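Q: Below, each chain spelled out in residue letters.
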Amino acid sequence: MKRQQIYQQVAFGGLRLSTLTIISVLGLIIWFLGKEGVSALSWEFLTQAPRNGMTEGGIFPALVGTLCLTLGAIIFALPLGVFAAIYLTEYAKQGRLVRIIRLGINNLAGVPSVVFGLFGLAMFVEYLNFGPSILAGSLTLGILILPTIIRASEEALLAIPQTFREASLALGASKWHTIYKAVLPPAIPGILTGTILGIGRAAGETAPIIFTAACFYTARLPHSIFDQVMALPFHLYVLATEGTHFEKTLPLQYGTALVLLGLVLGINLIAVIIRTRLRRKIRW
Amino acid sequence: MANNTKIMVENLIFYYGNDKALEDVSMLIQENKITALIGPSGCGKSTFLRVLNRMNDLIPGTKLKGKVLIDGYDIYSNTTDVVELRKKVGMVFQKSNPFPKSIFDNVAYGPRAHGIRDKARLTNIVEESLEKAAIWDEVKDKLKQSAMELSGGQQQRLCIARALAINPEIILMDEPASALDPISTAKIEELIRVLKEKYTIVIVTHNMQQAARVSDYTGFFLLGELIEFSDTNKIFTSPQDSRTEDYITGRFG
Ligand SMILES: Nc1ncnc2c1ncn2[C@@H]1O[C@H](COP(=O)(O)OP(=O)(O)OP(=O)(O)O)[C@@H](O)[C@H]1O
Ligand SMILES: [Mg+2]
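Chains as they are written, first to last, in our numbering: chain A, 1 to 284; chain B, 285 to 537.
In isolation and in its complexed conformation, chain A is listed as follows (with noise of 0.2 Å):
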């Protein structure tokens, strides 16, 4: 009894502790980006281009850039994802084919995104011709984050309870009819948890953009899907390494990087607040 309740301690202590640390290493990269960036803020700094060789001025086409390139990869993959997990879980023989498709995913999610990268380039850039742009880019981290929609949407799909398709068939509605009335609806909540997962990783990688949309500078916004962007990752790097005035942009690195922090967690905070809200609707 005593040397349980000693375990448990033990256990519990290091459970708190890891945690803990957890949460103070996050909460000293907000507050040492938030010491560092807040002064670069200002809405001069959100709404205009870099000036100066990139030392002065703002982020506004790259803040735009990046919200074009995450949007674009949403529309592409959250679509194709769904439609991919309901043909897995609904539709397909459930069998060596599925468990094969599925373990592919699994290890596509696995990759390192610089790959993705090296492929958006091979196959969006040159093959389909598209030219570093919008449409290459988004593509390109559409498929990056394709693994994570498909899974996150399967597990939701696969946690609808069967008695759910059985009334519904029971009532003489077709199959397509059943996925899509119900049991799409109370699966929506954890399918965008995996699409929050999804835009913030697509908001903020670097290696996929590089060769496939971003560059290194334009004040100009842009005009299509086949234009070149400034996307924020990716300025951020600029200023990091390429900048000839390093030390001048220090404030203006912290503050791109604060913002697109903040662009992240505001995006996955309007998705969390749509899934509680879907949750307390469709409850069972």
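Because the hints were derived from the structure by calculation, they are not lab data. It should be emphasised that the depicted structure is a prediction, and the values quoted were computed from it without experimental measurement. We treat Cβ as the ideally placed atom computed from N, Cα and C, and that holds for glycine. Hints are not guaranteed to be accurate.
Stated by the list, open to error - Pairwise CB distance ranges (calculated):
hint : chain 1 : residue 1 : chain 2 : residue 2 : range
1    : B       : T363      : A       : G110      : 55 to 61 Å
2    : B       : D365      : A       : R102      : 30 to 36 Å
3    : A       : G104      : B       : I343      : 25 to 31 Å
4    : A       : F83       : B       : E453      : 32 to 38 Å
5    : A       : T19       : B       : G345      : 44 to 50 Å
6    : B       : M432      : A       : L269      : 25 to 31 Å
7    : B       : L342      : A       : R3        : 48 to 54 Å
Stated by the list, open to error - Looking from chain A toward chain B, a few residues come up when the C-beta cut is under 8 Å (computed):
hint : residue
8    : T163
9    : A182
10   : P186
Could you slot chain B with the ligands onto chain A? The hints should help.
A: Just chain B with the ligands now, kept in the frame of chain A:
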């Protein structure tokens, strides 16, 4: 008493994988009558019921031999449209299973699935079905509310209303009152008796009194076999098989 056969089951054998769940079952189910299926747990009542609307199709690895005719048509022939079949053969499950949608949307689910879009018509169907299922008075002021907020007994009657809304000819009920209190049970039994006027009803029950009270015919299953099938009166007053007698008098099972 004119007897019209609605469902004819002939030499039905049913397998889950290699396990035989039904063994050479033959049964004639009469139109506008209530047929009760009784028997100990695991004897194949639910399996038999789910054969009648091809719900077992959803379970991989099942096999069926023999014939099932509804209105003279083989429902397992290659040309059968399963969706059409299930419009004709409604089902109420043992555990009430409303969708996490509003009461209205639950009842309107079937009609919508069959392509009815007209709001007035849907409203009509919903109201009528809820009335038939004896739950209209309790929910008429909260049709927009989620069905999950109803009590268990109300949910089950809602599921009955949902099944009625597709205007079936046959209603299959798998222990519709097993999880309910006596008052809700009485309501549902009363409901079943009324529904018989328009529908052919097949009901699985573990409750002998319930079978005796509501049904016209009773079939007794044991280990996948239909041991005895006849008038409910006969089964309960002078069963032909000693195993039937043992079961209904509670000596085993
Ligand atoms: N999905 C399934 N897969 C494999 N075997 C099954 C499945 N469903 C039922 N069985 C088997 O078939 C037999 C008959 O089951 P069934 O559910 O029809 O019994 P039941 O008479 O309805 O029992 P209960 O009164 O407990 O509901 C049982 O032996 C059961 O184990
Ligand atoms: Mg059963």
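Q: State for each hint whether it applies.
A: Against the structure, the hints come out as follows:
| no. | hint | result |
| --- | --- | --- |
| 1 | B/T363 <-> A/G110: 55 to 61 Å | violated, 49 Å |
| 2 | B/D365 <-> A/R102: 30 to 36 Å | holds, 33 Å |
| 3 | A/G104 <-> B/I343: 25 to 31 Å | holds, 28 Å |
| 4 | A/F83 <-> B/E453: 32 to 38 Å | holds, 37 Å |
| 5 | A/T19 <-> B/G345: 44 to 50 Å | holds, 46 Å |
| 6 | B/M432 <-> A/L269: 25 to 31 Å | holds, 28 Å |
| 7 | B/L342 <-> A/R3: 48 to 54 Å | holds, 52 Å |
| 8 | T163 | holds, 4 Å |
| 9 | A182 | holds, 6 Å |
| 10 | P186 | holds, 6 Å |
In this structure, the one hint that does not hold is number 1.
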